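Engineer: This is what each chain is made of:
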Amino acid sequence: MPTVKSVETILMDHPAAGRDHLIPILQEVQESEGYLSQESITKVGKALDMPSSKIFGVATFFNMFRFQAKGKYHVMVCRGTACHVKGSGRALDLVTKALKIQPGETTRDKLFSLEVVACMGACGLAPVVNINGQFYAKVTPMKLQRIIEECREKEQTHAIA
Amino acid sequence: MFAIEANGQTIEAKKGETILQSLKRAGINVPTICHMEGLLPSGTCRMCVVEVEGFGGLVPSCSHPVAEGMKIRTNTPDVMQTRKTLIDLLLSNHPDDCLYCARNGNCDLAKLAADNGVRDRAYQGARSHRPKDISSPSIIRDPDKCILCGKCVRMCDEIQGVSAIDFVNRGSKAYVGTAFNQGLNVSSCINCGQCILVCPTAALSEHKYISEVLQALADPTKTVVVQHAPAVSVSIAEEFGFAPGTDFDGKMTAALRRVGFDRVFDTSFTADLTIMEEGSELVHRVQNGGALPMFTSCSPGWVKFVEEFYPELLPNVSTCKSPQQMMGAIIKSYFAQKENLDPKNIVSVSLMPCTAKKFECGRPEMAQDYVADVDYVLTTRELAELFRITGVNPAAIEPEAPDTPFGERSSAGKLFGASGGVMEAALRSAVFLLTGEEMKDYTIQALRGMEGSKELRVKVGDLEVGAAVVSSLGQARKLMNEIKAGRKDLHFIEVMTCPGGCINGGGQPIGADKEAIKARMAALYQIDSGDKLRVSHKNEWVQRLYTEFLGKPLGHKSHELLHTHYDKREVLL
Chain A
72 MPTVKSVETI LMDHPAAGRD HLIPILQEVQ ESEGYLSQES ITKVGKALDM PSSKIFGVAT
132 FFNMFRFQAK GKYHVMVCRG TACHVKGSGR ALDLVTKALK IQPGETTRDK LFSLEVVACM
192 GACGLAPVVN INGQFYAKVT PMKLQRIIEE CREKEQTHAI A
Chain B
34 MFAIEANGQT IEAKKGETIL QSLKRAGINV PTICHMEGLL PSGTCRMCVV EVEGFGGLVP
94 SCSHPVAEGM KIRTNTPDVM QTRKTLIDLL LSNHPDDCLY CARNGNCDLA KLAADNGVRD
154 RAYQGARSHR PKDISSPSII RDPDKCILCG KCVRMCDEIQ GVSAIDFVNR GSKAYVGTAF
214 NQGLNVSSCI NCGQCILVCP TAALSEHKYI SEVLQALADP TKTVVVQHAP AVSVSIAEEF
274 GFAPGTDFDG KMTAALRRVG FDRVFDTSFT ADLTIMEEGS ELVHRVQNGG ALPMFTSCSP
334 GWVKFVEEFY PELLPNVSTC KSPQQMMGAI IKSYFAQKEN LDPKNIVSVS LMPCTAKKFE
394 CGRPEMAQDY VADVDYVLTT RELAELFRIT GVNPAAIEPE APDTPFGERS SAGKLFGASG
454 GVMEAALRSA VFLLTGEEMK DYTIQALRGM EGSKELRVKV GDLEVGAAVV SSLGQARKLM
514 NEIKAGRKDL HFIEVMTCPG GCINGGGQPI GADKEAIKAR MAALYQIDSG DKLRVSHKNE
574 WVQRLYTEFL GKPLGHKSHE LLHTHYDKRE VLL
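Sequence order for the protein chains is A and B. The first sequence begins at 72 in the numbering used here and counts up one residue at a time. The second sequence begins at 34 in the numbering used here and counts up one residue at a time.
Fair warning: there could be bad hints in the mix.
To be verified - No more than 30 Å apart at the CA atoms, straight line, and that leaves these computed lysine-lysine pairs for DSSO-like: (1) A:141 - B:511; (2) A:117 - B:48; (3) A:114 - B:473; (4) A:117 - B:601; (5) A:114 - B:517; (6) A:171 - B:165; (7) A:117 - B:47; (8) A:141 - A:157; (9) B:521 - A:181; (10) A:168 - B:206; (11) B:601 - A:114.
In short, the hints are calculated from the structure, not lab data. These numbers come from a predicted model, not from an experiment.
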């Protein structure tokens, strides 16, 4: 786990930062807090003298930034070339339908979040999905459905116990 | 000056200007979309491409500097085909609902397509579907109609210094939106509507209240009262094909009666009242060590700007309501009493060159006992639409005088429509109120014209007054920062949100160039120079309002009805 640094500390690490420091700062904020919150963007904007609309514009230009906190289960679906050929499109469809969220979003119960990545370097296992660091190889929609249900069941047994 | 060749003819070019500027001067028309006069070129739309001999590809004329000996061609088959393809692509995901569009008949994109011979759909692209943002009482955003030219973004950022909107996402998913895609109503948008004026399509338009007004007019239990701002009468004529600067004051009054309004009042009357209140407030502040410099509070976009960006300077903003709200307040109090009407049965309509006024009339501060001072605000554009819907042609009607008691105005009140006008009107009265003598020449040339920032030091009795006038919030921001940095020589500052003042407001006829704005401004000066009553303090009906109802400026009743206060506003900046 990365160490949790406050936005203030991150900004202090970039003394006299200008607009050209925006992306590295946003990366550090996301690394520390897991996502870019309204509060952090406002703070960064104040420090760099940039309106938050501009920062939001820059941040949404890149796929790497997210604006909602990650869920307990962070699902990464690979949409790289090899996975695409092996049918990752259908896998992604299933996840968005099963979780009722789009890439970049988090379910309202904060259990799942979804991210699309370009390649995880596991092309031999295509199509591949990664949940909280664990790889699931050669996933099919059916397999994925089961995986998601397992996560939900695990949570329910926890809740009862 | 040097010579270049354009389409085979020799034309003159100046060093440092762009190809587009040289061509324009020579009368050669090159279509543009993203080009904005007076701003650095962005060169994103590529509509202005031309062929330059010796250059590999086509050159964007809006951003390419002109050079000696250039041989330019603007209408080769290659250039014309490129333009056409660009338009084809812009249209490929554009909704085909022109008949129902707010910009039907007045659309830059439609004109561009017609001018360049686009007569059928070349590509059928995937449509983007994003919800309309109707959250703001002033401005409606319809992202589906946006062609991403970026003019609104630049207007909001470079001219107004607000930056409520920017490009969000990338590629085919890109759209113009607010930070975190919130509604405009909770964003830092100050409702000025300058974005509407530069938008080539109906991606940005005003929030209309025409049907509500028509409903009120049709209701026999309601007394519908209307007021019109100084800038409206000198610009409404443009909507009916007249030259900019044509004054329709009397014709408009007559037309409004034909539409069915029970009373027609002139907001310039409460502009005179504002001068009495605001002038007294300034004197009070100077004599009692109040917060100085004092800022005017007539421009609701500006007021929201201070609430958001400079809350620490809110004590410096005049507590006076704007002329629109003062008129609203006295209509539903003094006028209601006089006419024996229940304020709840009065519908107060206001005709403004402004979209921010729509927001202002809905502010909780602007009401008494849960009855809003002003119910509906229509822009100049909506007024034209109202006239058309009701079949009233103001051009064909004999002028009529406005109603008493709030139709009488001085021409100083009329000047409120141009940047510098509030200051000029205020100084005219301040000189009299402090010295007992009238100015020899009422015209204060230093405060007139389109400049974004004007300053004047003037002796009023023993007091040397530092006066500043700024229009556009970019200019205001500069001055605010100077004041925050310790500048102390100013006493009274007039701020208008829109460049040039209300005559260039966000609710004014679309497609006006700088010359048209100047013509509207000149029309106001013309009215002033020929008027019998040129100072606010001599407005008899204002005096009568004080003796019969208000008491005295800054008195108890005034405070209750004509003054308010503003608080810090939390938005994403």
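Engineer: None of the hints should be skipped; say for each whether it holds.
Structural biologist: These are the hints, each one checked on the structure:
Using a Cα cut-off of 30 Å, the hinted pair residue 141 of chain A and residue 511 of chain B is violated, with the two alpha carbons roughly 41 Å apart. Note on residue 117 of chain A and residue 48 of chain B: the hinted pairing is violated, with a Cα-Cα distance of about 40 Å set against a maximum of 30 Å. Our distance criterion of 30 Å between C-alpha atoms is broken by residue 114 of chain A and residue 473 of chain B, whose separation comes to about 54 Å. Under the criterion of a C-alpha separation no larger than 30 Å, the hint pairing residue 117 of chain A with residue 601 of chain B is consistent with the structure, at around 17 Å.
With a C-alpha separation of about 21 Å, the suggested pairing of residue 114 of chain A with residue 517 of chain B holds against the 30 Å cut-off. Between residue 171 of chain A and residue 165 of chain B the alpha-carbon distance is near 23 Å, which keeps this suggested pair within the 30 Å criterion. A hinted pair counts as satisfied when its Cα atoms are at most 30 Å apart, and residue 117 of chain A with residue 47 of chain B does not qualify at roughly 42 Å. Pair hint residue 141 of chain A plus residue 157 of chain A holds up; C-alpha atoms about 27 Å apart against a cutoff of 30 Å.
For a cut-off of 30 Å, the pair hint linking residue 521 of chain B to residue 181 of chain A is broken: about 54 Å separates their Cα positions. A threshold of 30 Å between alpha carbons decides the hint, and for residue 168 of chain A with residue 206 of chain B the separation of about 21 Å falls inside it, so the pair holds. For the hint linking residue 601 of chain B to residue 114 of chain A, the alpha-carbon distance of about 18 Å falls within 30 Å, and the restraint holds.
Violation of the numbered hints given earlier is confined to hints 1, 2, 3, 7, 9; the remaining hints are satisfied by the structure.
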